[in-house]
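Peer 1: Residues per chain are reported as follows:
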Amino acid sequence: MAYLDAASTEPLHPAAREALLAALDVGWADPARLYGSARRARLLLDQARAEIAEVLGARPDELSFTTSGTQAVHLGVLGALQGRRRAGRHLVVSAVEHSSVLHAAGVHEGAGGSVQTIGVALSGRVDLPSFAEAVAAEGVAVAALQTANHEVGTLQPVAEAAEACRAAGVPLVVDAAQSAGRLPIPPGWSVLAASAHKWGGPAGVGVLAVRKGTRWRSPYPEDERELRRVPGYENVPAVVAAAAALRARAAESAAENARLSALVDRIRAEVPRVVPDVEVIGDPVDRLPHLVTFSCLYVDGEALLTELDKAGFAVSSGSSCTASTLRPSHVLEAMGVLTHGNVRVSLPRGIPEDDVDRFLMVLPDIVRRVRQRLGVQ
Amino acid sequence: MIWRKKSPEPPAEAPAPVVPSAALTIDALGRKCPIPIIMLAERVGEVPVGAVISVLADDPAAFTDIPAWCRLKSHQHVESYELPRGGWAIHVRRQY
Numbered sequence: 003m004a005y006l007d008a009a010s011t012e013p014l015h016p017a018a019r020e021a022l023l024a025a026l027d028v029g030w031a032d033p034a035r036l037y038g039s040a041r042r043a044r045l046l047l048d049q050a051r052a053e054i055a056e057v058l059g060a061r062p063d064e065l066s067f068t069t070s071g072t073q074a075v076h077l078g079v080l081g082a083l084q085g086r087r088r089a090g091r092h093l094v095v096s097a098v099e100h101s102s103v104l105h106a107a108g109v110h111e112g113a114g115g116s117v118q119t120i121g122v123a124l125s126g127r128v129d130l131p132s133f134a135e136a137v138a139a140e141g142v143a144v145a146a147l148q149t150a151n152h153e154v155g156t157l158q159p160v161a162e163a164a165e166a167c168r169a170a171g172v173p174l175v176v177d178a179a180q181s182a183g184r185l186p187i188p189p190g191w192s193v194l195a196a197s198a199h200k201w202g203g204p205a206g207v208g209v210l211a212v213r214k215g216t217r218w219r220s221p222y223p224e225d226e227r228e229l230r231r232v233p234g235y236e237n238v239p240a241v242v243a244a245a246a247a248l249r250a251r252a253a254e255s256a257a258e259n260a261r262l263s264a265l266v267d268r269i270r271a272e273v274p275r276v277v278p279d280v281e282v283i284g285d286p287v288d289r290l291p292h293l294v295t296f297s298c299l300y301v302d303g304e305a306l307l308t309e310l311d312k313a314g315f316a317v318s319s320g321s322s323c324t325a326s327t328l329r330p331s332h333v334l335e336a337m338g339v340l341t342h343g344n345v346r347v348s349l350p351r352g353i354p355e356d357d358v359d360r361f362l363m364v365l366p367d368i369v370r371r372v373r374q375r376l377g378v379q
Numbered sequence: 017m018i019w020r021k022k023s024p025e026p027p028a029e030a031p032a033p034v035v036p037s038a039a040l041t042i043d044a045l046g047r048k049c050p051i052p053i054i055m056l057a058e059r060v061g062e063v064p065v066g067a068v069i070s071v072l073a074d075d076p077a078a079f080t081d082i083p084a085w086c087r088l089k090s091h092q093h094v095e096s097y098e099l100p101r102g103g104w105a106i107h108v109r110r111q112y
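One line per chain: the protein sequences are A and B, in this order. Counting in this note's numbering, the first sequence runs from 3 upward without gaps. Counting in this note's numbering, the second sequence runs from 17 upward without gaps.
Calculated directly from the structure, the hints in this document are not laboratory data. Predicted, not measured: the structure shown is a model, and the values here were computed from it. C-beta atoms are modelled at their ideal positions from N, C-alpha and C, and glycine is treated no differently.
Reference excerpt, derived from the structure (chain A facing chain B, CB under 10 Å, subset only):
1. E281
2. L334
3. G338
4. R373
Let the sequences and hints guide you as you build the complete structure.
Peer 2: Now the structure itself:
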């Protein structure tokens, strides 16, 4: 099986596996207690916090661990809104945010707040002048923008958006789940969210960072864990493994990014050459190094995924027939690109070039067969 | 509150929008994408260049995908009109 779905989850990094097994033995005690084994767990937790904070460009005391990237986003968005209640009740988001951001926005709306959605170009990049104009308006509490889109890989102008937010005195929540561990975090965020399993750490570890001076109040009942920002007992071994993975990724990223990005360039160039009627989606240059999305005309996404699975390729799709909602991806819709026949290829660390060669070899015939079944010549 | 391009439901008392006539109407109501687009691609040659085809479709994907098809195939997406019973009449002008 060739695994081409790293954007869903990156396989566990060997450094994380090793750290996890070691920490399960020595880091199991309650880090809030005062005896020897507890102090050891506390030491491991805070060391991991310092290491992750350094790679992400945060201070250790700004950073808390959550149980997932989704929880980090929920807490980040709702906590920032709570902290700014007196300044306003208006939230500004891009149309292509991850569903965790949009669902948190939905909760805010349900509680009487308002939400403004900023559209994107055909490339998936947010309309920056509109975003800047929206955050400068009266009564804006919080703005949110992702570092990179999870479905099409397009990088967002976070530094520029952060500058507009700073000028307006509005905190910016940045969802860095798809880029953390791969690219440097752009400057200017007020609240940052990320997810360890996306960079090769274990599942169940998210990161929430709240910049010093940012007003933030937990939307949950009070709890003393994780600098009072996240409720519940810390998973110290998983956090230690997440830090080991991030450290390793940061060290490898320059060389591996260049390799993966060249493979993505090849897919972007080859797919339209070998498959007729294909639209390659997302920004060709300002993009994540490992992710490429394309849509094939006259093909249903589910059939395409099933055939690719049979041929030994794991990919994902934003087409409606592959989603539980029967709606196409809101990202593809907002971009105005083809939503059917959609395939997202995202390359994990260390993928053999041969897997990409074979993918490009089998794809034309699979698309032809699916089209034939639908009666397309 | 996933962002959607679809315009909000018109108020019940509002008159139904007048949908201009078209040279050819393709009824793809109840058909899932990509079928409405396959039907459109098959029949676009049946009307003269410059004429308008109306595709009736209610799969939400068609609302995005037919204009995207026009862009890819260099035809013109004229307008999408909401139908009183759900779905849209998506008007496409043959350009070549």
